[in-house]
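Novice: Given next are the chains, with one letter for each unit.
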Amino acid sequence: MSKQSRNMDDLLQELGKTFPTPDPKREQEFLDNYPLNEETPRLVPMQQAGRRRLVYGLPAAAMAILMLAGGIGVWRSTHSRIPAVPVETTTVTVIETTVPAESVLKTEPEPSYADPTEAVPDPTAGTDAPEAEHRTEPATTGTTTMQQIPARTETMPTNGAETLPEAVTETQDAATRTTTNTIPPDHTKKDDTAQSPTEREPVVPVENTETTAVQTAETAATEKTAASTVHTHATTTAAQIQTTAADEVPSQTRVPELTTDATWIWTSTTYDPWPWEFTEYTSIETTTTTITTEETEETTDSLSS
Amino acid sequence: MDKTELKSLYEKLFQYCYSRLSDRDRAEDAVQETFLRFLEHPEYQGSGKEQQYLYTIARNLCIDAYRRRPHEELAEDVIDESAQDPSHPDRMLLRAILDSLPEDERELIVLRYVSGLSVREIAAISGVSWFAMNRRIRRILGKMREQFGKEESV
Numbered sequence: 001m002s003k004q005s006r007n008m009d010d011l012l013q014e015l016g017k018t019f020p021t022p023d024p025k026r027e028q029e030f031l032d033n034y035p036l037n038e039e040t041p042r043l044v045p046m047q048q049a050g051r052r053r054l055v056y057g058l059p060a061a062a063m064a065i066l067m068l069a070g071g072i073g074v075w076r077s078t079h080s081r082i083p084a085v086p087v088e089t090t091t092v093t094v095i096e097t098t099v100p101a102e103s104v105l106k107t108e109p110e111p112s113y114a115d116p117t118e119a120v121p122d123p124t125a126g127t128d129a130p131e132a133e134h135r136t137e138p139a140t141t142g143t144t145t146m147q148q149i150p151a152r153t154e155t156m157p158t159n160g161a162e163t164l165p166e167a168v169t170e171t172q173d174a175a176t177r178t179t180t181n182t183i184p185p186d187h188t189k190k191d192d193t194a195q196s197p198t199e200r201e202p203v204v205p206v207e208n209t210e211t212t213a214v215q216t217a218e219t220a221a222t223e224k225t226a227a228s229t230v231h232t233h234a235t236t237t238a239a240q241i242q243t244t245a246a247d248e249v250p251s252q253t254r255v256p257e258l259t260t261d262a263t264w265i266w267t268s269t270t271y272d273p274w275p276w277e278f279t280e281y282t283s284i285e286t287t288t289t290t291i292t293t294e295e296t297e298e299t300t301d302s303l304s305s
Numbered sequence: 001m002d003k004t005e006l007k008s009l010y011e012k013l014f015q016y017c018y019s020r021l022s023d024r025d026r027a028e029d030a031v032q033e034t035f036l037r038f039l040e041h042p043e044y045q046g047s048g049k050e051q052q053y054l055y056t057i058a059r060n061l062c063i064d065a066y067r068r069r070p071h072e073e074l075a076e077d078v079i080d081e082s083a084q085d086p087s088h089p090d091r092m093l094l095r096a097i098l099d100s101l102p103e104d105e106r107e108l109i110v111l112r113y114v115s116g117l118s119v120r121e122i123a124a125i126s127g128v129s130w131f132a133m134n135r136r137i138r139r140i141l142g143k144m145r146e147q148f149g150k151e152e153s154v
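Residue numbers (the numbering used here), protein chains in the order written: chain A, 1 to 305; chain B, 1 to 154.
There is no bait here: all hints are sound.
With a Cα cut of at most 27 Å, we get these calculated DSS-like pairs of lysine-lysine:
hint, chain 1, residue 1, chain 2, residue 2
1, B, Lys49, B, Lys7
2, A, Lys17, B, Lys7
3, A, Lys17, B, Lys150
4, B, Lys3, A, Lys25
5, B, Lys3, A, Lys17
6, A, Lys25, B, Lys7
7, A, Lys17, B, Lys49
8, B, Lys143, A, Lys17
9, B, Lys3, B, Lys49
Short derived list, chain B residues pointing at chain A, Cβ under 10 Å:
hint, residue
10, Lys7
11, Leu13
12, Phe14
13, Gln15
14, Ser19
15, Ala27
16, Phe35
17, Leu36
18, Arg95
19, Leu98
20, Val114
21, Ser115
22, Arg145
23, Gly149
Here are a few chain A residues that sit away from chain B, every Cβ distance over 12 Å (derived from the structure):
hint, residue
24, Leu66
25, Leu68
26, Gly73
27, Thr90
The hints are simulated quantities; they were obtained by calculation from the structure and are not laboratory data. Bear in mind the structure is a predicted one, so any value in this text is a computation, not a measurement. Glycine is no exception: its CB is placed at the ideal position from the N, C-alpha and C atoms.
Please put together the full structure from these sequences, using the hints given.
Specialist: Structure (structure tokens):
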């Protein structure tokens, strides 16, 4: 097949030989008479070229000039200098300083409470006393009632539970006054648990009763309340019970109460806004120490009697 | 265009016209008429497409001459004496195959291999694209090869 194709291609190139040639006489006669003007064919393309130049060159040049002018106009419009307008700038510096309240500065306590994370209350322990105390507690003033104190002392394995009412009535007034001075009324309406003195009682261990009493006395002096009487009671009674109460009151019974107190602080932080939180904490600490003194006094009275 | 180019072009145009008209006298008349018309239009000269213009003019003249051709003369002119060459049987066979092709296909093969025009020039004369003309010429050549193989085997 390739030989055939090659043969075919060769034959196709020789295909012109199969056609006749023109008559030589007529051909020569025609070629002799044919006007072979050498100049005309050369001039025609030049004329056509010149015509092309005019036909295409002039519009192209005009368009180029127009586009250039348009570009210059656009450039001028965009780069024209606008006179600068002076703008007065005023710098206002606001320095915000937060000054804490005087009561906070004065009574800023040391963190005497236990770490909430350490004392996690056991829900199965069955110590529902704090909740019950919360309910029975007056919400406005945070004073310790007669019903609460015996309830607290029942949990304590001390032997002076029968002589409680006299000591309670005496220290209760002082505690009431102290608590009323420190705790703002609005806040006490919000949270009942913030005024439960019996809850905060276990914050101070019994072994440190004297130190707590001194602190209580100092706090009361700064607040200029009736806590001065508490101070005197506390200093005297705390020294007396220092040896007895530490032995008689086991620390294990107060552990759940500690946890209750810690829980209360935690919840108060959660529910209250920040400005109230710090003040509230201070008042709580003051109240706690006062009530602790009350208990100590109660115990001392019962022991002495 | 000098005399040598003019003479070569004259011969090729004559062969083309003869392939279309199958008559020497009419083919020569058509060729001379083609040159005269070419001279009447100076815009055709010097444009680099003189050959294309000449073939286009010759084609139109051949079509006109073929329409005016008497039917009784057709049978006589089909027999071409120049194609009868016993020394080259393959050439005679190929010519017979070419004559058996339709008029439009024969014209393309003549323009391509007798007149020696390029496919682009043939496409410009015929008014079709180069791609279409190339495919068309290849298809015609394939058909000729197939017929040539059959005739050669016989």
